[in-house]
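Chain by chain, the residues run as shown.
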Amino acid sequence: MEEIKKQHRLLLLKVNGEDHSVAVQGGETLLDVVRDKLRLTGTKKGCNLGVCGACTVLLNGEPKNSCLLLAAECEGAEITTIEGIAQEGQLHPLQRAFINQGAIQCGFCTPGMVLSALALIEDNPNPSEEEIKEALSGNLCRCTGYTGIIRAVKEWRKYLKTEEPPSPSYDLDKFKTVGKSLPRVDAASKVTGQAKFTADYYIENMLFGKILHSPIPHGRIKSIDAKKALSLPGVKLILTGQDVPEITYGVSPARYDEHVLAKEVVRYVGDEVAAVIAVDEETAEKALDLIQVEYEELPSVFSPMEALQEGAPQLHDRYKNNINTHVDHHFGDVEKGFAEADHVREEEFVGNHVYQNPVEPHASIAYWENDGSTLVLYSSTQVAHYVHYMLARVLDIPLGKIRVISPPVGGGFGGKAETTPLDLITALASQKTGRPVKMVYSRQEMFLHGRGRHKQHMKFKIGVKKDGKITAFQSRIYLDGGAYSSFGVITAYYAGSMIPTLYHIPNYRYEGFRIMTNKPACGAMRGHGTPQPRFAFECLLTMIAEDLGIDPVEIRLRNAMDPNTRTCNDLDIRSCEFKKTLAEAANKSGWKQKYGKLPPGKGIGIGCGGFVSGAGYAIYRGQVQRSSEKKPETFAKKAMFPHANAIVKISEDGTAAVLLIQAAEIGQGALTVLSQMCAEALGISLPRVRIRAEDSDLSPLDLGAYSSRTTLMGGNAVVMASNDVLAKLFALVSKMWNCDQEELEARDNQIFHKKDKSKTMEWAEAARQYFNDQGPLVGTGWYKPPEGLGGDYKGAAVGTSPAFSFSTSVCECSVDLETGKVSIEKFADYHDCGTPINPQAVHAQVEGAIVMGTGETIMEEVVYDKKGNILNPNLHDYLLMTIKDAPEIFSGIVDSYEPQGPYGAKEVGEGATLPVLAAVAHAIANAAGVWIKELPITSEKILKALRAKKGK
Amino acid sequence: MILPEIEYHAPRTLAEALKLLVKLKEARIMAGGTDLLVELKQGLVEAEALISLQNIKELKKIEKKDQSLRLGAMVTPQEIISHPLIKQHFPALVEAAKSMASPQVRSLATIGGNIASAVPSADLPPTLIAAEASLELQCTESFREVNLLEFFTGPRLTICRDEELLISILIPVPPPKTGISFLKFSLREANALAVASVASRITLENEVISQASVVLGAVAPSPLLALKASELLEGKKPSPSLFEKAASIAKDEASPISDIRSSIWYRKELIQVLTRRSLAESLKRAQKNPG
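Chains X and Y, in that order, give the protein sequences.
Take the first sequence: its position 558, counting from 1, is numbered 558 in the numbering used here, and each next residue is one higher.
Take the second sequence: its position 117, counting from 1, is numbered 117 in the numbering used here, and each next residue is one higher.
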């Protein structure tokens with residue numbers, strides 16, 4: 001066989017004003033050449049099919065998708081990538097506008113977004129909002145809701161000369177750094193293309209892996225013949241189910257049910273059958289086609305209702321009747337509650353299977369260092385510790401022999417919260433080949449890997465008194481789980497547990513079934529299990545209000561949760577300003593003037609929500625230890641290890657504090673708020689704090705970005721570590737000044753004597769002296785959730801949290817009554833997040849959640865054919881809202897203080913999604929005069945309902 | 001997916017390109033590549049070699065020739081949007097071009113590619129058909145001009161022969177008192193394919209519709225001239241009820257499929273609404289346009 005078949009040609013490409021000669025094949029795209037050959041990795045590969053715009057470059061000043069350009073076509077053109085925008089170390093004013101106006105979150109879309117905007121302003125320095133939206137309509141963003149981006153492009157001229165402060169909003173005077181809308185600490189690196197995401201790393205001598213996925217939804221693997229594939233030049237290793245450990249993995253310890261590669265049975269189209277490791281991606285892909293697999297096809301089932309039927313195909317022996325999880329919770333007495341009600345209404349709602357679709361695809365790189373004894377894994381994970389734990393389990397090595405590096409993540413939303421086949425296969429393959437191995441999902445593979453939101457079939461019943469006071473609530477939910485457990489056990493509990501946190505519900509029954517079907521596993525997505533039940537509950541409550549002639553805002557106020565309440569399912573609500581969010585959102589939106597008074601086709605709607613500020617219990621039980629070494633433990637109502645841990649290490653000259661904590665920056669601003677709290681507690685300014693979160697060898701365990709936990713839990717650990725530093729420093733200074741430590745105060749980079757104003761000292765000077773006297777100045781801190789959270793029933797742990805958030809959204813829309821087409825026009829949202837550590841970051845979370853939640857309500861859905869194939873595994877057909885679809889958003893924060901949170905803070909990340917679905921659904925119902933109870937609420941469904949109503 | 005090892009050819013003249021077409025039987029013509037590269041990457045089509053038309057300057061011209069505009073096949077939607085002659089004579093074509101994909105794609109894609117790929121939901125053909133455009137097809141041996149409507153034979157199928165190249169599009173400048181409009185319904189505001197689209201044209205003579213056409217997109221294997229609806233309009237005075245009747249006939253003429261974007265039922269409903277609205281808009285334009 002020929003060794004070299006590839007025809008390379010030497011091309012001269014002019015990139016950012018510099019000439020590069022590169023050997024290129026005919027089919028290579030400009031994107032691949034710029035990234036893989038020139039290593040200009042600021043240009044991102046998001047969808048590779050010309051939709052997401054993350055790969056945008058300027059070609060002779062015009063924005064183009066570099067994934068749709070062959071490199072060969074670009075000879076002679078002036079190519080500009082994000083790395084070419086800043087000149088001589090000076091950021092372009094537009095870049096400064098992005099940084100200061102809160103236009104950046106995960107940063108993965110940022111380079112493309114900046115380049116599209118740059119082309120616009122160079123042509124039209126003063127663009128209108130409409131022109132901005134048009135120019136950026138080919139750049140998808142999953143984090144920001146586009147609001148900050150529009151603001152940045154509108155305001156860019158303000159940054160022509162000097163750096164302006166960000167738009168002031170809600171700055172708290174009582175703090176120095178906390179409560180301020182300071183620019184993100186990672187913004188500059190993201191706006192220049194310097195920030196490296198996992199796939200941007202290239203390790204010397206690296207190989208590339210690809211997965212062979214099952215083409216059938218259910219079957220037995222009879223044989224795999226990889227001989228041909230293995231003989232393809234450049235192929236180094238092929239792994240099949242025979243080559244991977246017997247041990248299973250997953251999320252919930254009670255339901256570890258996945259193998260690294262299928263051992264015997266494949267259970268959905270996309271299940272991992274084999275992996276090819278080769279010298280490059282192209283060779284690996286080619287080899288996939290040469291692997292011959294013989295299957296014995298088994299009957300399959302795609303709907304949870306059918307999967308429950310007798311005689312239905314069974315996915316796993318251990319889940320009888322395909323029931324993966326069954327929850328039956330009954331608090332109070334619902335029969336009695338309904339008997340006492342004056343009005344009872346029961347409705348059925350159906351959710352949709354939506355996919356997180358972060359713009360960054362999952363990626364992993366693994367190699368073994370220290371003579372092969374220590375695994376190093378780069379992973380695009382939002383929960384590095386659970387990946388760490390799972391690698392230790394599957395490879396059966398101590399956690400101490402693994403180093404997990406988690407670079408910035410280009411959006412997660414729950415889809416990167418669990419260990420992926422990429423993590424495990426790269427680890428195994430790099431061990432076998434002795435070389436680094438990199439694997440990156442294509443967009444289609446992301447859909448196949450799945451872990452999106454469970455589609456829930458919900459039957460809800462609420463009873464109320466004449467005045468709208470709830471007497472009882474009953475729900476029955478079937479969750480379509482897909483082929484494996486993933487987070488699903490927890491999802492099934494969450495679907496019920498969070499309902500009683502918003503309103504006083506004296507009698508409550510929830511029955512939930514998570515059912516296995518031959519589709520990709522569903523997992524945890526922003527709001528984990530709760531957005532659909534919340535949508536259904538809020539819609540039903542509004543229907544009941546309208547039945548009774550009570551204003552929907554009023555019925556909520558009459559039932560709203562109060563602070564310091566124990567819910568019927570034993571959750572402890574502490575701070576709660578839910579009523580304030582209701583009143584403010586109603587006021588801001590002009591609810592009273594609009595509700596019931598708008599012309600046909602115009603509508604206003606309300607929805608409420610809230611979420612945990614960190615799960616009260618970790619996902620696995622017991623200590624941090626390889627799972628095979630643990631004895632079975634019974635559940636204890638306390639944290640077995642601290643969920644967040646921090647080290648603050650002061651530089652030897654005292655001018656910098658290095659904050660070490662394994663928090664995950666997935667776009668939400670974790671690094672920024674943790675740095676702000678560190679600076680506040682130490683009494684130094686933010687630029688003196690540098691945070692290092694990405695390396696488990698450096699940064700102590702933090703459970704990362706899930707359950708909206710970072711601000712509260714990570715923050716508490718950071719404050720404790722900072723206080724530990726300060727105590728050591730004060731001990732030294734108090735000796736020098738002959739005073740008590742309590743008399744000292746640190747602020748503004750100084751140390752003061754509280755009473756004797758003549759005594760001051762530079763903070764750095766004190767720290768320097770500490771080092772000279774006693775060596776490293778280091779503080780440690782940790783956080784364990786309070787003991788005893790939750791009740792004493794099965795599943796009581798799910799939904800527990802030190803604190804809960806609350807929010808209200810009011811949506812305004814118009815509906816074209818002839819076509820059903822919906823335009824979401826406006827949102828007014830108020831959130832109770834306790835003290836906002838960074839108000840701009842809070843608004844950014846809310847704005848992003850509103851656009852994501854709205855898209856989920858009206859256009860997003862993973863669609864399958866009858867054989868379990870996904871029909872829209874790409875961004876052409878799976879619709880994310882573009883900048884032109886996004887509404888105008890007002891985000892407000894109510895005054896609130898959470899005693900359990902650092903500086904009074906609690907969550908905003910997931911809770912912000914919760915009110916959105918129902919607000920949109922109600923606004924549409926209000927505009928069109930018909931309720932659509934099945935998500936997504938498409939124009940076609942609306943028109944059908946309008947026709948049905950007319951026909952009556 | 002990484003693109004396969006493809007031979008890349010970029011002739012500098014039309015003559016060279018036509019010769020290559022004869023020589024390389026397995027080659028695919030690439031105009032903007034926005035469709036072809038996507039299909040290649042998804043493994044939906046295969047190609048051993050590509051003949052890029054990118055370097056052929058003569059295919060990029062926009063010129064007025066007698067009473068027609070002649071657009072080279074490699075003119076991009078972005079150029080259509082900003083060209084003064086097109087803005088002046090064919091505002092509807094500008095609107096159709098604006099409705100396409102995204103700015104990045106609009107500066108890569110081409111009018112020739114949009115036509116020659118013969119995708120049923122393509123955005124430019126309905127308006128061009130309403131404007132009675134024709135195409136110039138060239139091969140080494142011959143040259144022919146064909147009516148655009150007759151060019152399409154099915155989804156991704158045309159009368160274009162293997163060695164033939166679509167080189168330009170001829171659009172006659174509309175007579176006085178003519179209005180053309182284009183409406184597209186899609187599932188989001190940008191970067192979306194048409195679920196259904198309608199282009200219509202009305203020419204008035206003494207307050208009576210002397211010439212009309214209703215062209216439907218995305219609801220048939222190829223762009224569809226709704227003959228009965230068009231005929232109904234001709235020789236009549238425009239009125240809302242006439243348009244409603246034409247719209248209802250157009251709905252019957254549409255023969256869409258059900259797919260992930262829409263059901264047959266919904267596409268037909270959309271056609272009715274879009275036809276009525278488009279006709280009203282074309283009428284408005286015809287009345288305003290003194291010629």
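Everything labelled a hint here was simulated from the structure, so no lab data went into it.
Computed from a prediction, not measured in an experiment: that's the story for all the values here.
Treat the hints with care, since some could be wrong.
[Unchecked claim] To give an idea of the interface, some chain X residues facing chain Y are shown, with a C-beta separation under 8 Å as derived from the structure:
(1) GLN7
(2) VAL51
(3) GLU62
(4) ASN65
(5) ALA72
(6) THR240
(7) VAL244
(8) THR248
(9) SER252
(10) GLU285
(11) LEU548
(12) ASP551
(13) GLY791
(14) LYS884
[What the hints assert, rightly or not] Dumping the calculated DSSO-like pairs for lysine-lysine here, alpha-carbon to alpha-carbon at most 30 Å:
(15) Y:LYS228 with X:LYS944
(16) Y:LYS61 with X:LYS944
(17) X:LYS941 with Y:LYS60
(18) Y:LYS60 with X:LYS14
(19) X:LYS728 with X:LYS759
Think of the CB as a built atom: it goes at the ideal place given N, C-alpha and C, for glycine as much as any other residue.
Checked hints:
1. About 7 Å separates the beta-carbon of X:GLN7 from the nearest beta-carbon of chain Y, less than 8 Å, and the hint is met.
2. This hint holds: X:VAL51 has a C-beta 6 Å from the nearest C-beta of chain Y, less than the 8 Å allowed.
3. Evaluation of the X:GLU62 hint against chain Y yields a held restraint, the C-beta minimum of about 5 Å falling below 8 Å.
4. Interface restraint check: X:ASN65 against chain Y, minimum CB-CB distance 5 Å, threshold 8 Å, status holds.
5. Interface restraint check: X:ALA72 against chain Y, minimum CB-CB distance 5 Å, threshold 8 Å, status holds.
6. Evaluation of the X:THR240 hint against chain Y yields a violated restraint, the C-beta minimum of about 22 Å exceeding 8 Å.
7. The closest approach between the C-beta of X:VAL244 and any C-beta of chain Y is roughly 25 Å, which is over the 8 Å cut-off, so the hint fails.
8. Checking X:THR248 against chain Y: minimum C-beta separation of about 31 Å lies over 8 Å; hint violated.
9. For X:SER252, the interface hint is violated, since its Cβ never comes within 8 Å of a Cβ in chain Y; the closest pair sits about 33 Å apart.
10. For X:GLU285, the interface hint holds, since its Cβ comes within 8 Å of a Cβ in chain Y; the closest pair sits about 6 Å apart.
11. Below 8 Å, beta-carbon pairs count as interface contacts, and X:LEU548 has none with chain Y, the closest being about 35 Å; its hint is therefore violated.
12. Given hint, X:ASP551 at the interface with chain Y, is violated; its Cβ is 32 Å from that chain's nearest Cβ, farther than 8 Å.
13. Below 8 Å, beta-carbon pairs count as interface contacts, and X:GLY791 has none with chain Y, the closest being about 44 Å; its hint is therefore violated.
14. Evaluation of the X:LYS884 hint against chain Y yields a held restraint, the C-beta minimum of about 4 Å falling below 8 Å.
15. For the hint linking Y:LYS228 to X:LYS944, the alpha-carbon distance of about 27 Å falls within 30 Å, and the restraint holds.
16. A C-alpha spacing of about 47 Å is found between Y:LYS61 and X:LYS944, which places the hinted pair above 30 Å, so the restraint is violated.
17. For the hint pairing X:LYS941 with Y:LYS60, the CA-to-CA distance comes to about 44 Å; that exceeds 30 Å, so the pair is violated.
18. With a C-alpha separation of about 23 Å, the suggested pairing of Y:LYS60 with X:LYS14 holds against the 30 Å cut-off.
19. For the hint pairing X:LYS728 with X:LYS759, the CA-to-CA distance comes to about 18 Å; that is within 30 Å, so the pair holds.
When the structure is compared with the earlier hints, violations turn up for hints 6, 7, 8, 9, 11, 12, 13, 16, 17 and for no others.
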